[in-house]
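Based on the hints, put chain A in the right spot on chain F.
Quick note, the sequences are listed as chains F and A, same order.
For this note's numbering, add 309 to where a residue sits in the first sequence, where the first one is 1.
For this note's numbering, add 589 to where a residue sits in the second sequence, where the first one is 1.
Mixed in with the good hints, there may be bad ones.
Partial selection, computed: residues in chain F whose CB lies under 8 Å from chain A [as the list claims (entries may be wrong)]:
#, residue
1, F327
2, G815
3, G984
In silico DSS-like cross-links for lysine-lysine, where the CA-CA straight-line distance does not exceed 25 Å [as the list claims (entries may be wrong)]:
#, chain 1, residue 1, chain 2, residue 2
4, A, K748, F, K1030
5, F, K583, F, K431
6, F, K878, F, K900
7, F, K325, A, K734
Calculated directly from the structure, the hints in this document are not laboratory data.
Because the structure is a prediction, the values reported are computed rather than measured.
Glycine included, each C-beta is placed from N, C-alpha and C at the ideal position.
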Amino acid sequence: MGIEGVGARVARKEDKRFITGGGRYVDDMVVPGMKHAVFVRSPHAHAQIKKIDVKKAQAMPGVVGVLTGKELKADGIGNLICGWMIHSKDGTPMKMGAWSPLAVDKVRYVGDAVVIVVADTKGQARDAAEAVEITYKELNAVVDATKAIQSGAPQIHAEAENNLIFDWELGDGKATDAAIKSAAHVTRMKIVNNRLVPNAMEPRAALGHYDKAEDHYTCWTTSQNPHLARLVMSAFYNVAPENKLRVIAPDVGGGFGSKIYIYPEEIVCLWASKKTGVPVKWVADRTESFLSDAHGRDHVSTVEMAFDKDNRITALKVDTIANLGAYMSLFSSCVPTYLYATLLSGQYNIPAIHANVRTVYTNTAPVDAYRGAGRPEATYVLERMMETAARELGVSPAELRRRNFITSFPHQTPVIMAYDAGDYNASLDAAMKAADYAGFTKRRADAAKQGKLRGIGMSCYIEACGLAPSSAVGSLGAGVGLWESAEVRVNAAGTIEVLTGSHSHGQGHETTFAQLVTQRFGVPIDSVSIVHGDTDKVQMGMGTYGSRSGAVGMSAVVKALDKVEAKAKKIAAHLLEADEGDIVIENGEVKVAGTDKSLPWFQVALASYTAHNLPAGMEPGLKETAFYDPSNFTFPAGCYICEVEIDPETGLTEIIQFVAADDFGNIINPMIVEGQVHGGIAQGVGQALLEGAHYDASGQLLTASYMDYTMPRAADLPSFKVSTSNTPCPGNPLGVKGCGEAGAIGSPPAVINAITDALGVVDIAMPASPATVWSAIHAKKH
Amino acid sequence: MSDVSLTVNGRRVSGSAEDRTLLVHFLREHLGLTGTHVGCDTSQCGACVVHVDGRAVKSCTMLAAQASGSTIVTIEGLSDGAELHPVQAAFKEHHGLQCGFCTPGMIMMATDMIARYPEGLDEATVRAELDGNICRCTGYHNIVKAILAASETMAKGAKGKAKQAA
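Chain F extracted, bound-state conformation (with noise of 0.2 Å):
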């Protein structure tokens, strides 16, 4: 590797502008003659919607418009849809009730969006929402997902008799069911994995243009896909068709899923720009998107793991309840299916699976992918049950795992998915030895000295990124492909720009993407330029979420990349007279091997422009595109240890040490993976330790500000000790698999089985706040 190559730990390119505050993020952008929005949202959980009355707000200084629901759907405005179909066991599809961007007779969630303002100033629109007057009938609300089925609780949309949207399965029910009746050991339990709010920091926004005179529309909007918010705010929302609408998606603080969805917010603005003449920005505030971004996990979970006589598990019962909210988010449908299900086989040999799940409405935000997606689901419950049965089992949690570890690949579970590689006694093994497990004991011991309580806890995941083969999904019931696009396209100085079809929020395309063609060129990191996140300079794209970059966007560039370098080999060997096959291209510079015949890479470049003297019947330029569809998921896969102490006096339970041992495969740039890696690790233990969305039994969010809402903050973590190991994936032409999630979804049942192991106790819930913990101490003395 070069040091700018792949592999290497380049700085990154996109650095300067974040540090320097030239970031430019949605809310900084200005358009002559804007206007601001403020959305009038549902104080209700559960109404009916009887007047909206806007003359006042109308009448107040600097309103531009007040725009309802019925206005919206009299110019024909479509209803937000679920992107992937499932179908529940008897064959019926999901029931998706209607969400109509801005609410029309009932609202359904607080938070749900009834009627936009436009004023000149954000504080006007502020002003004038307060004064639109809506009478609204409330109804019964009901929060809990396990009570929202049960006959007699409100019945939140009409399509969906008792709240159920599908009842599904997946796996072979009847020799589950065999296996567990036969079975030497059976452990259970209830799993519940918390209600999360996905919190980037940037808050949403959006800002909508509609050009009378050229008939044309512009969104800017904080979005982890571009592509996908044009395809179908024009496919399926009637905004407007896609070669009249320009989505850009520029500088994005964050997303961790919560930016993949098209929401009500940017068709409104869109639609308003058209309906009031004036461009329309709108920029959420903190307790806004906690009521509306969609929030993530909520599952509720029976599950059953059998095991033989040598400790083998032989199958695994899972029913889990899922919790989606008020109506469907665009991908809701396959996160707790075949992002979830598919993964219950965790690292194991489970000769024997079965999966139900039911999803249902609630009066709640709809919950959709959060980092992981599903993925943190299934992990939970396998290693949270691992954990249970090695202590009942009477095993060291290690033991129980090694025993059980898939080691020959390929390897096909019972549950859809093919691993490709994988070395799992490998991960552990680092894991174990960063941790000084062996050392545990003495810790103990020395710990509770002091009177305090040490546990440790592990966690061996696995999870399927590069989404995804699109014939595959397609058959599942997605509604597009995912594929992922680029181009390479070399200038006549010799520059290079890619144009990737990914998005970058955080991950540093940028810069990895650059390296990608430093390494297959020589060419300085700074005469690349990534291009990303605007539908009109980029041809088609698929965007940023479930780890694909890399595998998918990466090996859509390495494809372009090899067209290109194809095409220029042909130019070398027909300006330097020699054979193509000979020409090898290194450093900066087009060279015949073996010789010292050689040209700068430039000077191949602008001949390729100048087209004075190019192989007969060449086109001129050299500028490729290439769409590359994976062939099958990646494998990521590793081992995460947790050490905690906690103070049975207070009940604060401090991270003691974090060791992450990874299974990437092919790394690109690891200050960057490891940069994932961290931040993962951070959401994870905030998921176990300190996150919790909590809303009243009448449907009020209490968690609606960081006053409320406990987001991991510097004191709380430790440093991580962070590794690789690579098997590479055999699946895609860079050997990548993914590592944006890994941290998430690995690492809340290290923490539980840490605190658990520290405590004595089989479960406890999460959050594991010092509340909980002082409490399951004192259950315990009781």
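Using the frame of chain F, we list chain A on its own:
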């Protein structure tokens, strides 16, 4: 309306703003200094930290009118000219940022912190001092590393200058 006069990044500026305008909105919307960010409504996240008369202040906790007469430094004015400030350079070198949204506030907080601990910083102190700044991307690991490194670099620089003066 309130008249607001400030010295921002060495430049005298004045303007008129609604009475309720917060300093952060005056900086962003009236002066176009969009490097200072708004990440919450409750003065919890620290994305809006600037220096007011030499001290780190969350610019969402202050009305623009209250700040009138003050000297303000924002992220745009932290470095003088082409060279990065040592804290900026350390954030880049140690990968102390990902999405960049909390970064201006983190850097302004860090420079203030380093100035208040001329004897140097340790990890526990840095973590405790970052109490008012939230980052969702980095897990703080590399932010802490960057601040410790910048603190050392700046201490060495100060010693060098002291030697030169002697």
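Each hint tested on the structure:
no.	hint	in the structure
1	F327	holds, 3 Å
2	G815	holds, 3 Å
3	G984	holds, 5 Å
4	K748(A) with K1030(F)	violated, 33 Å
5	K583(F) with K431(F)	holds, 19 Å
6	K878(F) with K900(F)	holds, 9 Å
7	K325(F) with K734(A)	holds, 18 Å
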